[in-house]
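Can you make the complete structure from the sequences, with help from the hints?
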Amino acid sequence: MTAALPLPTTRTHCPYCAFQCGTVLGGDSPLSVTVAGDEAFPVNAGKLCIKGWSAGELLNTPDRLLTPLVRTGGALKPASWESALDLIADKFRQIQRDHGLDAVGLFGSGALTNEKAYLLGKFARVALRTPHVDYNGRYCMSSAAGAGNKAFGIDRGLPFPVSDIALSRTLLVAGSNPFDTLPPIAQWFERQRANGGRLIVIDPRRTPTARAADLHFANTPGSDLTLANSLMFVAVEERLLDAEFIRTRTAGFDAVRRTVLTYHPAETERLTGVPEAAVRQAARWLATGTPAMTLTGRGPEQQSKGVDTVLAFINLMLALGQVGKVGGGYGCLTGQGNGQGGREHGQKADQLPGYRLIENDAHREQVARVWGVDPASLPRKGHSAFELLDSLGQPDGIRGLLVMGSNVAVASPDAGRIIDRLKSLDFLAVCDPFVNETAELADVVLPVTQWAEEDGTLTNLEGRVIRRRRAFAPPPGVLSDLDILKELAGRLGCGDKFTFDSEEAVFDEFRQATAGGTADYSGITYARIDAEQGVFWPCPSEDHPGTPRLFAERFHHPDGKAKFHPVEHRPGGEEPDHEYPLYFTTGRYQEHYNSGAQTRRVSKLTGAKPAPRVQLHPELAARWGIESNSLVTVQSRRASVEFAADIWSGIRPDTLFAPFHWGGRAAANLLTQASLDPTSRMPEFKLAAVRIAAVRMAELV
Numbered sequence: 017m018t019a020a021l022p023l024p025t026t027r028t029h030c031p032y033c034a035f036q037c038g039t040v041l042g043g044d045s046p047l048s049v050t051v052a053g054d055e056a057f058p059v060n061a062g063k064l065c066i067k068g069w070s071a072g073e074l075l076n077t078p079d080r081l082l083t084p085l086v087r088t089g090g091a092l093k094p095a096s097w098e099s100a101l102d103l104i105a106d107k108f109r110q111i112q113r114d115h116g117l118d119a120v121g122l123f124g125s126g127a128l129t130n131e132k133a134y135l136l137g138k139f140a141r142v143a144l145r146t147p148h149v150d151y152n153g154r155y156c157m158s159s160a161a162g163a164g165n166k167a168f169g170i171d172r173g174l175p176f177p178v179s180d181i182a183l184s185r186t187l188l189v190a191g192s193n194p195f196d197t198l199p200p201i202a203q204w205f206e207r208q209r210a211n212g213g214r215l216i217v218i219d220p221r222r223t224p225t226a227r228a229a230d231l232h233f234a235n236t237p238g239s240d241l242t243l244a245n246s247l248m249f250v251a252v253e254e255r256l257l258d259a260e261f262i263r264t265r266t267a268g269f270d271a272v273r274r275t276v277l278t279y280h281p282a283e284t285e286r287l288t289g290v291p292e293a294a295v296r297q298a299a300r301w302l303a304t305g306t307p308a309m310t311l312t313g314r315g316p317e318q319q320s321k322g323v324d325t326v327l328a329f330i331n332l333m334l335a336l337g338q339v340g341k342v343g344g345g346y347g348c349l350t351g352q353g354n355g356q357g358g359r360e361h362g363q364k365a366d367q368l369p370g371y372r373l374i375e376n377d378a379h380r381e382q383v384a385r386v387w388g389v390d391p392a393s394l395p396r397k398g399h400s401a402f403e404l405l406d407s408l409g410q411p412d413g414i415r416g417l418l419v420m421g422s423n424v425a426v427a428s429p430d431a432g433r434i435i436d437r438l439k440s441l442d443f444l445a446v447c448d449p450f451v452n453e454t455a456e457l458a459d460v461v462l463p464v465t466q467w468a469e470e471d472g473t474l475t476n477l478e479g480r481v482i483r484r485r486r487a488f489a490p491p492p493g494v495l496s497d498l499d500i501l502k503e504l505a506g507r508l509g510c511g512d513k514f515t516f517d518s519e520e521a522v523f524d525e526f527r528q529a530t531a532g533g534t535a536d537y538s539g540i541t542y543a544r545i546d547a548e549q550g551v552f553w554p555c556p557s558e559d560h561p562g563t564p565r566l567f568a569e570r571f572h573h574p575d576g577k578a579k580f581h582p583v584e585h586r587p588g589g590e591e592p593d594h595e596y597p598l599y600f601t602t603g604r605y606q607e608h609y610n611s612g613a614q615t616r617r618v619s620k621l622t623g624a625k626p627a628p629r630v631q632l633h634p635e636l637a638a639r640w641g642i643e644s645n646s647l648v649t650v651q652s653r654r655a656s657v658e659f660a661a662d663i664w665s666g667i668r669p670d671t672l673f674a675p676f677h678w679g680g681r682a683a684a685n686l687l688t689q690a691s692l693d694p695t696s697r698m699p700e701f702k703l704a705a706v707r708i709a710a711v712r713m714a715e716l717v
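So the sequence shown is numbered by the working numbering: it starts at 17 and just counts up by one.
Derived from the structure by calculation, the hints contain no laboratory data. Since the model is a prediction, treat every value here as computed from it, not as a measurement. Ideal Cβ positions, reconstructed from N, Cα and C, are used throughout, including at glycine. Possibly wrong hints are sitting among the right ones.
Pairwise CB distance ranges (calculated) [said to hold, decoys possible]: (1) 267 / 116: 23 to 33 angstroms; (2) 94 / 547: 40 to 50 angstroms; (3) 558 / 396: 45 to 55 angstroms; (4) 267 / 391: 27 to 37 angstroms; (5) 649 / 593: 17 to 27 angstroms; (6) 274 / 645: 49 to 59 angstroms; (7) 595 / 660: 17 to 27 angstroms; (8) 98 / 643: 25 to 35 angstroms.
Below is the structure:
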């Protein structure tokens with residue numbers, strides 16, 4: 017009897033968050049695909065969350081887009097690739113002839129591979145010569161990036177391997193719920209606890225992560241900066257500082273010391289809601305339970321003072337001498353799958369590949385040399401993400417837009433306003449595997465490959481550059497985003513600058529473009545990634561080992577020192593008042609991811625969480641006569657949204673929470689507001705003023 021041949025397997029990575037779990041795909045077609053955790057990959061060590069386990073279903077959804085769609089007679093109808101691509105090129109040329117080069121924009125994604133992010137930025141500057149290119153990562157970790165660049169001279173989400181979490185004796189997590197949003201990371205927290213470590217969590221909700229904490233600060237939304245300055249006050253007053261580290265490895269401490277002396281925790285308790293005794297306990301643990309580590313998430317970052325808030329936490333870790341220690345320091349829990357790589361290589365309005373700056377003439381010269389163009393032909397800095405979208409269809413604004421891998425109609429703040437802007441465009445093209453809420457408004461929708469159908473690289477939250485490997489051929493009629501950019505470049509008259517025959521060929525040019533930059537990938541190759549389970553940047557040569565840990569000896573400012581920055585509390589762009597007395601904040605369910613464009617198509621995930629619900633405290637519910645599953649209309653100054661009620665004692669009585677994974681009338685981002693951080697241009701997703709406008713019984717729920 018002949019033994020059955022083993023099914024082929026492919027080692028790749030999950031299509032979702034920045035943890036980028038290693039996966040092993042089995043089966044000989046998408047119809048029979050199995051997904052397992054890769055036990056050999058050191059980041060997740062074989063563990064996956066429910067989204068990862070069920071990701072194979074994405075390859076088999078019945079609404080997968082398999083042919084280009086072109087709007088004809090008001091409806092999207094099938095069209096040929098030739099006609100769809102010709103239409104996009106013709107429309108962009110016409111708009112630029114009539115309104116100028118700046119009248120066309122591009123919007124990218126933290127889900128794009130490094131190769132796609134790089135080529136999208138090059139396409140914007142070389143093929144379209146527009147300054148207006150940005151991406152949805154601006155909504156995610158840009159405030160932490162801005163703070164890291166100011167303090168350290170470099171931005172990498174975690175400047176150390178994720179395994180360092182287990183080595184921390186005191187771990188502070190501010191405004192993040194990684195047990196739900198990055199579930200396989202919990203194993204490193206469990207090891208930290210098993211090693212005798214303590215956990216402190218700052219979050220207005222008693223999340224699964226907060227429930228595991230030794231100290232949980234249920235702070236007032238928007239008060240994180242004040243709380244960090246109060247912790248620093250205690251460190252100064254009780255002489256918990258590392259004076260030698262401050263003297264030899266930092267600059268600017270005296271200004272911070274003077275500032276924080278006005279943040280006595282007894283006086284800030286009214287604003288933060290955190291008792292003085294708890295603040296003092298946390299500061300002592302951080303100073304004496306070393307090495308100590310602080311990790312921030314979207315809570316402190318998605319504020320109109322997000323950069324200053326992150327700087328306040330960095331100031332604390334610098335003053336305690338923890339940055340650069342194994343098991344210590346500061347890190348950002350990056351969200352999107354390639355959120356780190358996506359913000360390094362040119363799809364941001366102010367950047368060129370390698371974290372170079374488009375306003376820096378030397379940087380422009382270096383990249384232009386690789387691209388074979390005149391540096392003077394490269395445009396200058398364009399609009400940031402929200403500002404780009406808010407300019408759509410406006411006088412002297414963007415009239416034509418290409419969106420690649422982002423569902424901006426759901427993911428943007430003040431979403432109703434952005435939907436109106438999208439509708440006002442002269443022309444909108446979208447590249448996506450599905451017709452999502454943004455694509456529904458498009459003039460052309462192009463079907464593209466999914467994660468298991470393509471090759472490329474991504475950079476996870478540690479700065480580890482990894483390989484996405486193709487397991488299956490894409491369906492007939494589907495192209496890669498790279499193919500689309502190449503085809504459009506040819507139609508726009510610069511095909512000679514886009515003559516790539518593979519993802520690896522794009523990566524090889526991309527390596528050259530990053531050489532000598534802050535995020536230097538020039539020593540990283542596909543072969544090295546395969547052999548070494550990923551390579552950490554910066555890696556300036558092929559014989560360089562990569563850099564798993566930054567800051568052990570010096571920081572990335574010219575003098576090698578980290579910089580303190582005095583920061584002060586200021587109100588958010590919108591605070592509760594007598595008319596709108598409640599805080600509204602958003603976040604994620606474990607079962608869903610970002611705008612839900614992928615996860616709302618997976619039966620196991622929609623079965624577990626079929627619709628968004630608003631969380632509110634029992635005291636607030638009793639005041640309004642709200643019962644579990646009552647339909648509650650939440651109203652902000654921008655819109656009203658009706659949610660089913662989830663009554664829960666783990667949220668502050670003055671705060672409402674809803675997830676942002678749904679569009680249409682259930683979109684939480686209809687309520688949010690777009691006050692922007694002055695440095696990062698991050699919108700203030702985490703703080704909006706709302707009221708309960710109506711309550712009705714839930715007979716039909």
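Here is how each hint holds up against the structure:
1. 267 / 116: 23 to 33 angstroms: 44 angstroms, violated
2. 94 / 547: 40 to 50 angstroms: Between residue 94 and residue 547, where Cβ atoms are some 44 angstroms apart, the hint holds.
3. 558 / 396: 45 to 55 angstroms: Violated: the Cβ-Cβ distance is about 34 angstroms, outside 45 to 55 angstroms.
4. 267 / 391: 27 to 37 angstroms: Given range 27 to 37 angstroms: holds, Cβ gap about 33 angstroms.
5. 649 / 593: 17 to 27 angstroms: 19 angstroms, holds
6. 274 / 645: 49 to 59 angstroms: 53 angstroms, holds
7. 595 / 660: 17 to 27 angstroms: Given about 25 angstroms between the Cβ atoms, the range holds.
8. 98 / 643: 25 to 35 angstroms: Roughly 58 angstroms apart at Cβ, these two residues miss the hinted range, so it is violated.
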